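If you read the sequences in order, they're chains A and B. Just so you know, the first sequence maps onto residues 1 to 773 in my numbering. Just so you know, the second sequence maps onto residues 1001 to 1137 in my numbering.
Bear in mind the hints are in silico, worked out from the structure with no lab data behind them. For clarity, every value in this text was computed on a predicted model and none was experimentally measured. Virtual Cβ for every residue (Gly too), placed ideally from N, Cα, C. A couple of the hints might just be wrong.
Said to hold, decoys possible - Here are some chain A residues the structure puts well away from chain B; computed CB gaps all over 12 Å: (1) Pro225; (2) Arg527; (3) Asn717; (4) Thr742.
Said to hold, decoys possible - Under 8 Å between C-beta atoms, here's a sample of chain B residues computed to sit facing chain A: (5) Gly1054; (6) Ala1070; (7) Leu1072; (8) Ile1076; (9) Ala1077; (10) Leu1078; (11) Val1079; (12) Pro1085; (13) Gly1094; (14) Thr1117; (15) Leu1133.
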Amino acid sequence: MELYLPILIIFVAALAAPFLEKLLKGAVGWVLALFPLGAFVHFTTLSLLIGDGETLYRSVSWIPSLGINFSFYLDGLSLLFLLLITGIGTLVLIYSGYYMKNYQLKDRFYMYLMFFMAAMMGLVLTGNLITLFLFWELTSISSFMLIGFFHEKDSSRFASQQALLITTMGGLALISGIVLINQISGTYEIPYILSNPEILTGSPMYLAVLVLILLGAFTKSAQFPFHFWLPGAMAGPSPVSAFLHSATMVKAGVYFLMRLSPALGGTPEWKLILTVVGVVTMFFGAYFALTQTDLKRILAYTTVSALGTLILLTGIGSEESIKAAIVFLVVHSLYKGSLFMVAGSIDKKTGTRDLNLLGGLGKKMPFTTAVSLIALFSMAGLPPFIGFIGKELIYEAKDAIPDAANFLLIMSILSNALLVSVSGIFAWKVFFGPAGNTPIEPKETPVNLWLGPAVLAFFSLILAIFPGFFTSNVAGPAVKAIIADDVKVKLSLWHGFNMILLYSLITVVAGVLIFVFRQRIVPTLCRINSVIVRFRFTEVFGKMISHFLTFTKKKTSIVQNGKQRLYLLAIFTSTSVLIGFMIFKSEFWKLDFQFSPISYYGVGISVLMIAAALISVFSRSRVTAIISMGVVGFGVALIFLFYSAPDVAITQILVDTLIVILFVMVIYHLPKFRKFSNRSARIRDGFVSVIFGGLMTCLALISNQANLFPAISGYFNEHSYISAYGRNVVNVILVDFRAMDTLGEITVLIIAALGVYSLITMKFKEKKGEIGK
Amino acid sequence: MSSQIIQISAKYLKPLLLALSLFVLYRGHNTPGGGFIGGLLAASGYILYMMAYGAKITLSKMWLKPFNLAALGLLIALVSGFFGPVVGEVFMAGQWFSFLEIKLGTPTLFDVGVYLTVTGVMLIIMIAIFENLETWN
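Chain A extracted, bound-state conformation:
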């Protein structure tokens, strides 16, 4: 099977999703889940191949002349992500089937979600940087649609706009970085870049490339100081948070850095930036998670912390740290996906997500409680869950940077201790403790809602106890893809008595201490935050945007003043200056012109056209002016005809006819003909137009003489019938040789028509409004 087929199928399924939703109603989640499930099974079978150390590569050319291809490259790293995306995607779709039941426009929700899934799969499977960027932006757009799904809420719209602006600003940096990579290495193909790592790291532009790529990755993966869009993104529905904003999309930045790590990584700059940003994000994420009260915001901040950890581990870049990163990536996706779904279920069944209102759900929702406890234990890094293994590996990884090992160790123990206490508070307040004061009486959830979290929690357990298949077929090859070296990944819960175990013990003890004294610590921290943390990212960002808007409004009112005659004047003068300069440089008067013999009808038509043009300039009646313009147009058509270009002539005649009709229709409604401009302005305009016309004539004469390139008309004439089966060369050029241009043109046509339509309709509505008053 073609490598890209699963992506294509899910894209098509995304288009069909709204119709399926109408057809299937309640069962839609189950049916749509079959698509990613199929892909999951497919990729699992492929993992046997990948486990043997193979990689798959397939390329479909798209714009080969620019080196842009739909290439797909499957190795351990892409496989790992594909399994996460399709696996969690399956569960999220089943979950959504119930969760979204009562919302309007849910048909679109499924479309966006499937669309995102396909884009995300494309992102991790593609082997070409430009197509990667394309999929990257598609995930940003679908994320925008999904965060803003409750579009009637102001806060939702603001959050989705903020997320879009930040991730696409990063996207701009990313594309610049990608173009630079191409300038340096001469290719967009990732496998080639990976196999020649010294090209990039040895280049004088290395730092520029690195900074641009990192900006893209950091914004996408919510690194400090761009982290604030992620907690904001919690405005979206819970399935979206579980899927995009914990398990998959936010990890795209991490993925990209891991992917490019053989080519970009390993340098002192890489290590420095990634570890610093990673540590800061890791610590602040965990710290702010402690002081939140909204379940989803708690989870969002712990996600920020986890993403920081991943960036940190990728930055260290040693064998141990990459191992830790891969394992922790899976660990985090499993527990966080599970917890977000649980948070959504709790919201659904109790009507609130506020930690202070919830309590004692353990008795009312025993199953949900059991599932979330597993996930929370994994988040806290306690045995026997895979979170424990992940954390141990992280502690082990520190030794790779001896200078900062102690600092990194302290920061990660602190962050993990905070996570332990956050998990503890989450578990205690929501599931135990006194019964809460919830808007709705809690009930156990139906199968759709608990299946997803339960499966993910189950995997957290199973992978820790039986890691064999996972390590040899998925994690191992993934690590190999990043550090380009054969490594065995072995996971086990028990490492014996050593320093790492001691660190784990310290972490848990510290976490438990924070948990026990939470009633003292948390309010104190909240007070400290309100004093120290004056800098509110979201507010500052909002202000920046509004300042920018005022600025552009002012700028626009100067540059685009709404007076067409001034626009035309500006266009004509600047074009005249530029063309005039070039004509002067080419020493046009020295050229030897050879004209073909002039025919009497040529002269006749020209005289007629000149006369008509003069009449239209000096006429005092609009109708006369327009009809004379029409005469000019028909004259041009006749000339086309004489020089055997019937297609162009027909088009010219039709267009001219339609324009004259249009004018005549509108003219009836225009105010009386009057002179609005004074004499000097008219002389100025006349001067500019005579100059412009003269220069255009010179230009036409020169271009007739200058043969810069061999004319391609010969090629078209020859190949028109042979390779395109058409005798009408003009038409063949339009629909075959240059079809891409035509496609662009008709797109522009539609956009222009929409613009005209809305402008006219708006203008008339305005006028009517005035009359109403």
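Add chain B to chain A, keeping to what the hints say.
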């Protein structure tokens, strides 16, 4: 505007112009014509009708409204480009099939897309003007 001469001639000229436009579209590959010219012709048929009967009646007699027409055209043009990648060539590479001794190719399909788009776009603009002029008076 509602002269009887125009009304009656429009009634008969519209189908004629439409038929002519289809003919021009079809012959375009080998002789002068094609989607662009055909589209303009088709649009002028409708515009003549609009001048005689007004925008509302003309619109009510179209089973595909101009906006949908233009969008459909763009979609067809776009889809015709994807035949290439399906058989492993580049986007927009022309594919030809023989059907009852008539050669059919994706460029023809593309031309149909152009035809529909041009018709739709011309009508969108014209209707914007006609509709608003009608309500204005």
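Check your understanding: So which hints don't hold here, by number, going up?
Key -> 4, 5, 7, 8, 11
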